[in-house]
Every structure is written in structure tokens, then in C-alpha cells.
Amino acid sequence: MIIMIAAVAENNALGKNNELVWHLPNDFKRFKALTTNHYIVMGRKTFESFPKPLPNRTHVIITRQKDYNPEGCIVVDSIERALAVCPENEDSYIIGGGEIYNLALPYADIIEITKVHHTFEADTFFPKINKNEWQLVEAETNLKDEKHQYDYTYETYIKK
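In this text, residue positions in the sequence shown follow UniProt numbering: the first is 1, and each later residue adds one.
Derived from the structure by calculation, the hints contain no laboratory data. Ideal Cβ positions, reconstructed from N, Cα and C, are used throughout, including at glycine. Not one of these hints is a red herring.
Have a look at the derived ranges for each label pair, beta carbon to beta carbon: (1) E133 / N69: 32 to 40 Å; (2) K32 / Q135: 25 to 33 Å; (3) G72 / K32: 15 to 23 Å; (4) H23 / V85: 26 to 34 Å; (5) S78 / K144: 37 to 45 Å; (6) N11 / K66: 32 to 40 Å; (7) S78 / N142: 33 to 41 Å; (8) K29 / I158: 19 to 27 Å; (9) F28 / W134: 19 to 27 Å; (10) N132 / K32: 31 to 39 Å; (11) K66 / H118: 34 to 42 Å; (12) D77 / N132: 25 to 33 Å.
Using 25 Å as the maximum straight-line C-alpha spacing, the simulated DSS-like pairs for lysine-lysine come out as follows: (13) K131 / K115; (14) K29 / K147; (15) K128 / K45; (16) K128 / K159; (17) K131 / K160; (18) K32 / K16.
Please model the entire structure based on the sequences and the hints provided.
Put into C-alpha cells, the structure is as follows:
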């Protein structure tokens, strides 16, 4: 399965200046739990936003830069090539950024969203989920607390 995973604000904001604009520790834990031991597909800028490669995951990086070759990563030049290197019988995760989500949407089987119940100024956005093509099958709302500044909901969509 091809699974897109993202934290998205009410206005579909993903981030600004290659950074998230909120901090939700439980969302990071969920992301780690879902993606560990899987292939994760991302754009170069998303990869470069990490301090180091994420442990226990195979990184597939999409870039147009011919000489880009970070150690221990698979580098390709298209979403099609990225998906082709992922194991067919295992879950693979599309983790961003905005351009990669747009390119991957037609190939995705599942979308795992953490909907942050706030709007943010951003320069990168998640594509609009077409309710005619996607069905919300699970939602779990979490209220803000001392570690989470905003209410948020985990949403799972499957392709109709």
C-alpha cells in the first residue's frame, strides 16, 4: 500500500520555510510508530529539514539534482521511480513535502492525516482531499493539553 502521511492545518498548511509551524509530540510518536521499518518517500527539501536520517527507515529521496547522493539513501528523479523501488507487498509512506504530496496523490491508497485545528501562515500546503475520491474511515480527536498547544484529530482516509 502507498500511504500518504502528514500533519495538516485547517487551511491545509504543512509548513513555512521548510519547517513545521506547530509542535505536537504525540503526532511525532504516531509518525514514528507508523513509518518505522518501512520505506519513506520524500522530496530533497523534506529530507534536508531533518537533523539526520530517521532511524530504522529506508529513505527514498526525489530530486532533480543529478549529483545528490546522501549516504544510505536511495535517490531518484520522479515519483514513479520512487514508488518502483518500494517493496510491492509492504506499506510505503509518502512523507512530503507539498510538491511530492501532489505528485503522489494519484498513486496513494490511504491518507493518514493529523488535522491540526488551527490555521497558520504557510508557504507549503497539502492537496485538497476530494471527498468524491476518498472516504474518511476513522477519526480520533485529541484535545490540547500542557504538551499540545492545539486540538488535533487523527484521520484515516481510504481511496473509494
